[in-house]
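J.: Just add 45 to wherever you are in the sequence shown, counting from 1, and you've got my numbering.
These aren't lab readings, by the way, just hints derived from the structure by calculation. A hint or two may mislead.
Claimed, not checked - Below are the DSSO-like pairs computed for lysine-lysine, each with C-alpha atoms no more than 27 angstroms apart in a straight line: (1) Lys205 - Lys89; (2) Lys235 - Lys205; (3) Lys89 - Lys235; (4) Lys205 - Lys145.
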Amino acid sequence: MISMFNVSRYHPDKTNPNIILNNVSTQFARNESVGILALGGTGKTTLARILSGVERPDIGNVQRHNSLSHPIGSTVGFHAGLSGAQNVRFLARLLRRNVKETTDYCESFADIGPYFHRPIDQYAPIMRARLGFAFSMSVEFDTYLSDGITSAGDHSFRDKCEAALLERLTRSGLILISRHARTLNRFCTKFYALHAGQLLPCSSPEEAQDILDYAGGYGNTYWNEVARNVG
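Whole structure, please, built from the sequences with the hints as guidance.
T.: Here's what the structure looks like:
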């Protein structure tokens, strides 16, 4: 279970504070596949960072009663001066995973040839993306977290990524925060819309899209009021 208790986060502009998350309380069960539809600039990445523990809320707290991944495909923990193999070995030890199995998996999955043993600062962006996704899939978590990423690379590699993620989801949960309703429909069974700092429960990605479309137009005042009542 991943639980948010009265979580609030404000934009760090003291003269004009902007509410990103407003007193959010919700729970994500271990085996749930949850999709959160969010427009760009409304707190999508901030929510992912708070859930993963990279960023702390201004008010409230997040409790993690099962293992939660860092955002899928993230390479934030990689050191540019180390090779892909060295980075994978270091992170595997940090997460107390089998180093050889993790390294072998990443080398095979990323399929970047000899570059796996070269410093990451020599990688093209697509190689870095391949390695980041490979490492995400190499480690089993109770719940995977995604800031909109479900694949990486060219068409054939994206198919490989999505197949690997769907296989993982036969045993694990997912929290997917995305700007695309179609992506949520493919991977999730429970849905929210992120609007005015609140997570609004929805019956489908289409309903979430309708809420955000309506809120962005003449219905903005109405949905702001709904969000305040949810909070």
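J.: Each hint needs a verdict: does it hold in this structure or not?
T.: Right, here's what the structure says about each hint:
Restraint check for lysine 205 and lysine 89: satisfied, since their Cα atoms lie roughly 25 angstroms apart, inside the 27 angstroms limit. Note on lysine 235 and lysine 205: the hinted pairing holds, with a Cα-Cα distance of about 24 angstroms set against a maximum of 27 angstroms. Restraint check for lysine 89 and lysine 235: the C-alpha separation of about 17 angstroms stays at or below 27 angstroms, so the hint holds. A distance of roughly 22 angstroms separates the Cα atoms of lysine 205 and lysine 145; the hinted pair therefore holds under the 27 angstroms criterion.
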